[in-house]
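Here's the letter readout for the chains.
There are 2 protein chains.
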Amino acid sequence: MPALITNYSSEPEYSSYELRQKIRRGEIKGSTSGLARTMQANLIVLPSRYAKDFRNLCLRNPVPCPLLEYTSRGDYTSRLALDSDLRTDIPAYNVFKDGKLVSRRKSNIMDEWTDDHVGFLIGCSYSFETALKEAGLEPMCSKKNMAVPMYVTNIPLNSAGVFSGYYVVSMRSYKPCDIPRVREITGQYIKQHGEPIAWGWEGAEKIGVKRKIEMGLVDFGDFVDIPDDEVPVFWGCGVTPQVAVQESRLKGVVMSHLPGYVYASFFDSITLYIQPFPVTASPSIPGAAYAQSRIDQDTIGANAVTSRFPLFFAVVVIVEEKFFTSSKSLIRICPQFNVCHGSGS
Amino acid sequence: MPALITNYSSEPEYSSYELRQKIRRGEIKGSTSGLARTMQANLIVLPSRYAKDFRNLCLRNPVPCPLLEYTSRGDYTSRLALDSDLRTDIPAYNVFKDGKLVSRRKSNIMDEWTDDHVGFLIGCSYSFETALKEAGLEPMCSKKNMAVPMYVTNIPLNSAGVFSGYYVVSMRSYKPCDIPRVREITGQYIKQHGEPIAWGWEGAEKIGVKRKIEMGLVDFGDFVDIPDDEVPVFWGCGVTPQVAVQESRLKGVVMSHLPGYVYASFFDSITLYIQPFPVTASPSIPGAAYAQSRIDQDTIGANAVTSRFPLFFAVVVIVEEKFFTSSKSLIRICPQFNVCHGSGS
Chain A
1 MPALITNYSS
11 EPEYSSYELR
21 QKIRRGEIKG
31 STSGLARTMQ
41 ANLIVLPSRY
51 AKDFRNLCLR
61 NPVPCPLLEY
71 TSRGDYTSRL
81 ALDSDLRTDI
91 PAYNVFKDGK
101 LVSRRKSNIM
111 DEWTDDHVGF
121 LIGCSYSFET
131 ALKEAGLEPM
141 CSKKNMAVPM
151 YVTNIPLNSA
161 GVFSGYYVVS
171 MRSYKPCDIP
181 RVREITGQYI
191 KQHGEPIAWG
201 WEGAEKIGVK
211 RKIEMGLVDF
221 GDFVDIPDDE
231 VPVFWGCGVT
241 PQVAVQESRL
251 KGVVMSHLPG
261 YVYASFFDSI
271 TLYIQPFPVT
281 ASPSIPGAAY
291 AQSRIDQDTI
301 GANAVTSRFP
311 LFFAVVVIVE
321 EKFFTSSKSL
331 IRICPQFNVC
341 HGSGS
Chain B
1001 MPALITNYSS
1011 EPEYSSYELR
1021 QKIRRGEIKG
1031 STSGLARTMQ
1041 ANLIVLPSRY
1051 AKDFRNLCLR
1061 NPVPCPLLEY
1071 TSRGDYTSRL
1081 ALDSDLRTDI
1091 PAYNVFKDGK
1101 LVSRRKSNIM
1111 DEWTDDHVGF
1121 LIGCSYSFET
1131 ALKEAGLEPM
1141 CSKKNMAVPM
1151 YVTNIPLNSA
1161 GVFSGYYVVS
1171 MRSYKPCDIP
1181 RVREITGQYI
1191 KQHGEPIAWG
1201 WEGAEKIGVK
1211 RKIEMGLVDF
1221 GDFVDIPDDE
1231 VPVFWGCGVT
1241 PQVAVQESRL
1251 KGVVMSHLPG
1261 YVYASFFDSI
1271 TLYIQPFPVT
1281 ASPSIPGAAY
1291 AQSRIDQDTI
1301 GANAVTSRFP
1311 LFFAVVVIVE
1321 EKFFTSSKSL
1331 IRICPQFNVC
1341 HGSGS
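Order-wise, the sequence lines are chains A and B.
Going by my numbering, the first residue of the first sequence is number 1, and it counts up by one from there.
Going by my numbering, the first residue of the second sequence is number 1001, and it counts up by one from there.
Treat the hints as calculated values from the structure; they're not laboratory data.
Be a bit skeptical, because a hint or two may be false.
[Claimed, not checked] With a cut-off of at most 30 angstroms between alpha-carbon atoms, the simulated DSSO-like pairs for lysine-lysine come out as follows:
id: 1; chain 1: A; residue 1: 210; chain 2: A; residue 2: 175
id: 2; chain 1: B; residue 1: 1175; chain 2: B; residue 2: 1212
id: 3; chain 1: A; residue 1: 210; chain 2: B; residue 2: 1206
id: 4; chain 1: A; residue 1: 206; chain 2: B; residue 2: 1100
id: 5; chain 1: B; residue 1: 1251; chain 2: A; residue 2: 175
id: 6; chain 1: A; residue 1: 52; chain 2: B; residue 2: 1206
id: 7; chain 1: B; residue 1: 1210; chain 2: A; residue 2: 212
id: 8; chain 1: B; residue 1: 1206; chain 2: A; residue 2: 206
id: 9; chain 1: B; residue 1: 1052; chain 2: A; residue 2: 175
id: 10; chain 1: A; residue 1: 175; chain 2: A; residue 2: 133
id: 11; chain 1: B; residue 1: 1206; chain 2: A; residue 2: 251
id: 12; chain 1: A; residue 1: 210; chain 2: B; residue 2: 1210
Use the sequences and the hints to build the structure in full.
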């Protein structure tokens, strides 16, 4: 199994900390893709009365809606990045009122965010696109510098309270012989939609999107031609919860990033120290910020904790990228986690 | 929100410990439903080479396939019950070889279980049926003492390695006015399929089972008539992984309980002690058995840990029912967990 710590082929222009600062100051207004060595995320901000149902929607639909973090009521900081502000650190926001889009491409949501809002961060496929590229499997949309094609399918979400809807998928095309490797690589990105949910023209038919592709249509993103020797491959997509939220016609003000176009760049290199009991409370890492209660347990979930240690102890330590660009050995601790991003060795 | 600790209206005949002993000795050969005050589970036993993919299948499809526990390679004990043996403690087993059913209703799988097998326990709806009954919402199948009707839907599972397939649902009918309450009650049983995934005739159409119901058919279980003033309501069903396993035509010997008919009764009253760091390693509870690494992290997952405490520490303490039938106060610790079964107050 390839290590999940990516050896970046080119150095990013900024640390994620610098990038957030620049976005906040309005110096970057476009897509953050490729600008920093970080996980990125979809943002949804909801009135607090919908928070429980929305969290359940994510937990019941982890493939299209992988929940990374949610804030306390009124709190606009993220524990997955130092000094971050969810109201200002994304280049473009959308604002909805009573289910209708009332403001598009806002540069911040300082005026809209109230003490009653809860922010949710949902995994995005940025991470596995980089890995695909480095395996010689760069998707056509990425090569052509276009947005990935996205389709609303016929697959119903598992309902949760006020929320229901259908899966949205992103589509990238591959030669049939490459699909096993594509499945293997992306399957490791548990919190960024994981392996594909369908592939091939038969798969396209099954999830109800074949005709749209044949007609050259997309529901979101850009249409990208499929070469004759390739077939479509479909992943769960982080636009799913945004569509579910819009279709649920929630009362009040809802906010999001601009779908299919701009993604949050909150996530710094994150290291998970998994230790059997007793655990050291304060490993002396300069700049380490202990993850607090609000980082979703699933973030440290699935793979490693229970299969390797006798009790369920874990400390999540978040280390700002800026602190360890010179100490490359620091972040080679938990190869099973896809949140272990770092500078490799 | 109603407490999840059930106040049983009638005393069960046996403790779950006694029940397992009786099943092991061959004194009980039928359904275990109602015989003990325990969670029950679906069992699937696979050659170890399929274990990783199957675990991912469960984690990617938590509503139909809620993973409760899986064993180490070759280990036939469950940490969710004392002195249990997965090879003998279910009244009836099925055995498959290379994808074909080769033996049905076996009383044990002592000869078939090898050092290379891994056992998986999947949540079952027994728990919420009791809660529905106690809320005056007993399903018709339960009233008539019939097996719940089950249908294979058109909803594709999120694929995982060698596994793919479609959701199986269980169906119970309700008056439309009762559906919100039914959703609320069952929604708390996160590891037993949770709230319904579809309801009403429109829902039946959407998931592709309307015509089968109208024709009086079932895929598993017994057909149960729907009164004129009621509509069908559908839950994810623990037969889903069993069908996926069969359809994947695995090489080697696969074992399960008899689907739709007999369920495991391994689960004793389980208490999760969630404590902020530092945690006490050995609370002095007579009979307490510490949960070891193999209890799935998701079992203690979703609801409470991260929302209530600053770090991710949890000790899972399993307390045999026999030890606290006289100390009813012991098990009122974590109302958010649906694994907190106990004798109430």
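Each hint tested on the structure:
1. 210/A <-> 175/A: OK: residue 210/A and residue 175/A at ~17 angstroms, within 30 angstroms.
2. 1175/B <-> 1212/B: Holds, at about 20 angstroms.
3. 210/A <-> 1206/B: 19 angstroms, holds
4. 206/A <-> 1100/B: 26 angstroms, holds
5. 1251/B <-> 175/A: 28 angstroms, holds
6. 52/A <-> 1206/B: 26 angstroms, holds
7. 1210/B <-> 212/A: Satisfied, since the Cα-Cα distance of roughly 26 angstroms is no more than 30 angstroms.
8. 1206/B <-> 206/A: 14 angstroms, holds
9. 1052/B <-> 175/A: Holds, at roughly 26 angstroms.
10. 175/A <-> 133/A: Between residue 175/A and residue 133/A the Cα gap is close to 15 angstroms, so the pair holds against 30 angstroms.
11. 1206/B <-> 251/A: 27 angstroms, holds
12. 210/A <-> 1210/B: Given pair residue 210/A, residue 1210/B holds - Cα atoms ~24 angstroms apart, limit 30 angstroms.
Hint compliance for this structure: every hint is met.
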